Amino acid sequence: AQSVTQPDIHITVSEGASLELRCNYSYGATPYLFWYVQSPGQGLQLLLKYFSGDTLVQGIKGFEAEFKRSQSSFNLRKPSVHWSDAAEYFCAVGADTGNQFYFGTGTSLTVIP
Amino acid sequence: DTEVTQTPKHLVMGMTNKKSLKCEQHMGHRAMYWYKQKAKKPPELMFVYSYEKLSINESVPSRFSPECPNSSLLNLHLHALQPEDSALYLCASSQERQPRGTQYFGPGTRLLVL
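Quick note, the sequences are listed as chains A and B, same order.
With my numbering applied, the first sequence has no gaps in its numbers, which climb one by one up to 115 at the end.
With my numbering applied, the second sequence has no gaps in its numbers, which climb one by one up to 1355 at the end.
The hints are simulated quantities; they were obtained by calculation from the structure and are not laboratory data.
Computed from a predicted structure; not experimentally measured.
Take every hint as true, because none was put in to throw you off.
Calculated Cβ distances over 10 Å to all of chain A for the following chain B residues:
#, residue
1, L1252
2, T1257
3, R1271
4, P1302
5, R1304
6, H1320
7, E1325
Listed next, the in silico DSS-like pairs over lysine-lysine satisfying Cα-Cα at most 27 Å (straight line):
#, chain 1, residue 1, chain 2, residue 2
8, B, K1277, A, K51
9, B, K1260, B, K1282
10, B, K1277, B, K1263
11, B, K1282, A, K70
12, A, K63, B, K1282
Ideal Cβ placement from N, Cα and C applies to all residues, glycine included.
Kindly produce the complete structure, drawing on both the sequences and the hints.
Structure below.
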């Protein structure tokens, strides 16, 4: 079955530290990959997306993600976290086969001073 | 401009009430979506409209009734809801229908059913 996994339910990092949020997917076809961020009580904001081409994708707010086909992963990274990055992060994956689109379960990020 | 607007921001309704949620986008997107999101959970797809036609209904109870009056507007009519329907309701739009289309989300309507 198709699936999207975010293994970390909750992550705590210190302000200024680096961040990596994991996303793994299970699809037979080449997927469309997205990362969204959601602040409390807000809608989802697109951070970045990957459809094809360069496997390292730059997004907004200093985030980047790397598509690794061999590992079926699309991990989100930021070199230096700011307190305002505290939020819920959702990986999402789509595939043309069956017009499928799924969100991962999310990773909650806490940033400590 | 990647803005999707939703009204109202908050809504409290009784189980016998009828209310509507509204969503609007002016990006020329041809696909629009309704999602339901419970606290600490990912959004769950409810409905997809593509070119103003309902293309996906994810087995949503009939007490939720979507409507797409034109390509910029999407409504969700609510009737005889249950307390478990309390959630954040998100609207999204995309140029193409999922999965290819990048979805842009509104801020949501927080619904409380008493």
